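Protein chains: 2
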Amino acid sequence: MKHQTDFKIAADFISSNDVFLVTTHQAPDGDAIGCSLGFAEMLKVLRKEFCISIEGGLPEKYDFLPDNIEIIDPLQGDIGRKFTHLAVLDAGSYNRIGQSIKLADDNPIILNIDHHPSNDGFGEVSYVDCEASSVSEIIFHLAEYMKIPVGKDMASYLYMGIMTDTGRFRFSNTTSKTFRTCAELLECGADPAYITEHIYFDLPRSYIEALGKSLYNLEYYGNGLFALMEYLEDKEIEDAEGLIDYALGVRGVRAAAFIRLLKDGRFKVSLRARDSLDVSKIAETYDGGGHTKAAGFRFRGSLSELKTNLTETILARLE
Amino acid sequence: MKHQTDFKIAADFISSNDVFLVTTHQAPDGDAIGCSLGFAEMLKVLRKEFCISIEGGLPEKYDFLPDNIEIIDPLQGDIGRKFTHLAVLDAGSYNRIGQSIKLADDNPIILNIDHHPSNDGFGEVSYVDCEASSVSEIIFHLAEYMKIPVGKDMASYLYMGIMTDTGRFRFSNTTSKTFRTCAELLECGADPAYITEHIYFDLPRSYIEALGKSLYNLEYYGNGLFALMEYLEDKEIEDAEGLIDYALGVRGVRAAAFIRLLKDGRFKVSLRARDSLDVSKIAETYDGGGHTKAAGFRFRGSLSELKTNLTETILARLE
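So the protein sequences, as listed, match chains G and Y. Following this note's numbering, the numbering of the first sequence begins with 2 at its first residue and continues without gaps. Following this note's numbering, the numbering of the second sequence begins with 2 at its first residue and continues without gaps.
Derived by calculation from the structure, the hints in this document are not laboratory data. The reader is advised that the hints may include incorrect statements.
Each pair may be met inside one copy or between any two copies, as identical chains are not told apart.
[As the list claims (entries may be wrong)] Under the rule of at most 30 angstroms between Cα atoms (straight-line distance), these lysine-lysine pairs were calculated in the DSS-like manner: (1) Lys153 with Lys294; (2) Lys153 with Lys269; (3) Lys214 with Lys236; (4) Lys49 with Lys9.
The model shown is predicted, which means the values in this text are computed figures rather than measured ones.
Please build the complete structure, drawing on both the sequences and the hints.
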């Protein structure tokens, strides 16, 4: 669909209303959190009343952020209030906000700001810029458009959002505009060393243990084209999904799988690929799905059969 | 010492001479390689004659870079030629170029471009900007000053240099100027995704094995304040030094040590610290040395005594 990228309509929506619910997608990542907090800082400067709602609240790893904005977790019960005007950020469709919907009126008036190409254009005002690295990048330019000064806290939130959504300037959404935005955020007070240390170099011991164990047992097939990683302990690991990046990052590896054990006895299998292989096709043969370079499925049955079968399927498509 | 940062003198040196030896420090890192190749591209545009010499040649991990510039390894024998004019980049003193000195006249005329505060100001022309993230950043601005167009290859070399010397925009040398320079390099054709994948996500299998093994056996002392990592196999691991970052990156850890076995039976110990601890002081008690946050020493004797003694010494200073 054709998306709209005119700041004027978004700015008018903000200027002409007084009370907002700011919210974002379920299972929030760095950008979801960064842009929500950054947007709230903007509302503070404009002396608007607002409330941020994020399903599940602020994940522990973001505890290092300035904490002078309260975040409501709708799973923790009813706050006894409903909002008419919503700013829904970084969500491709309205239902992605999950239980935060409980804080909205039945027929809310919505400002939708996003960068996902799949955004369905929901809301009275929809601003979707698919060229932007992140919604945090958009919020910075919206603030600039509205001539709202960006303080140190706001700059820190937005820098964190950009950094995490570009995979630390790794993904192809990293553009010259992204870097220019970061330059300006540093001038507004964001501290890249401090933020990077907290996001990437403050890992729970359980994560490091799981990383050690799964790399120690990494298996290679097809002359090293396919790497198979497993972590079968019955432990909840924060950000465990990210471990598969290490397997895919081995020289020569073109596809990687990561098998974990679920509480119900099934296996959760994540698939990743470099270059031409489409792993969503492989996931589909196991009733799963995903994107071409990142997909997954769940499986009930014998681990050794799963491994043999998956390895054969992947190698057949790789060679 | 007072350093000089006037591009005019450096630019005059380049303009008024015709043949250059371009060289950098021994054990070259990403910036040493990036700025040398970037500088050579500049000389190409100016139609100067040049030769790049790097002791040990180009390390394998940089094989992905455009390869239309030959790099001489002085350890591979005499090329039967000596140079009068040298551009020595990213080296704090002249002797840091190692065996590349064999390609220089006895009394060479030197342009020294660097960003290390410890630079001793060697050379007829010395340009040392300690505020620059990297020499690659300096070379970009020198090219800009000299109105030399920056092509895709040059932009890629310099982006790689900046990215690696800032630890992927992690260290405190990452400034708004660094990000602005990156923005311009992307506009000149550098591809951040491609370069990042090759530098950080193309790791040798031996490195991943060593990482798995050493994380699997990671030991914690003093309530998790000190992490002790060891890798005692008799294998040469590329970039093994970097493994200690994982130990220091564990939540709560304030100091980390990494013990490896040397071919001569001694142990090589690397030390790292966050915040206030000065590990160079600890290294000195073992006749080693280094910086406050990164130091090391070599030790001959019993491994268990080393571990006990080191742990006690570090915990005494941490608590």
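_Identical-chain pair category, Lys214 with Lys236, by Cα at 30 angstroms_ = both (13 angstroms within a copy, 20 angstroms between copies)
_As a check of your reading, is Lys49 near Lys9 (CA-CA no more than 30 angstroms) within one copy, between copies, both or neither?_
within (18 angstroms within a copy, 52 angstroms between copies)
*From the Cα coordinates, with 30 angstroms as the cut-off, is the pair Lys153 and Lys294 best called within, between, both, or neither?*
Only across copies: Lys153 and Lys294 sit 27 angstroms apart there, 36 angstroms inside one copy, limit 30 angstroms.
*Is the C-alpha distance from Lys153 to Lys269 at most 30 angstroms within one copy, between copies, in both cases, or in neither?*
Neither. Shortest intra-copy (41 angstroms) and inter-copy (42 angstroms) distances fail the 30 angstroms Cα cut-off.
Violated hints amount to a single one, hint 2; each of the other numbered hints is respected by the structure.
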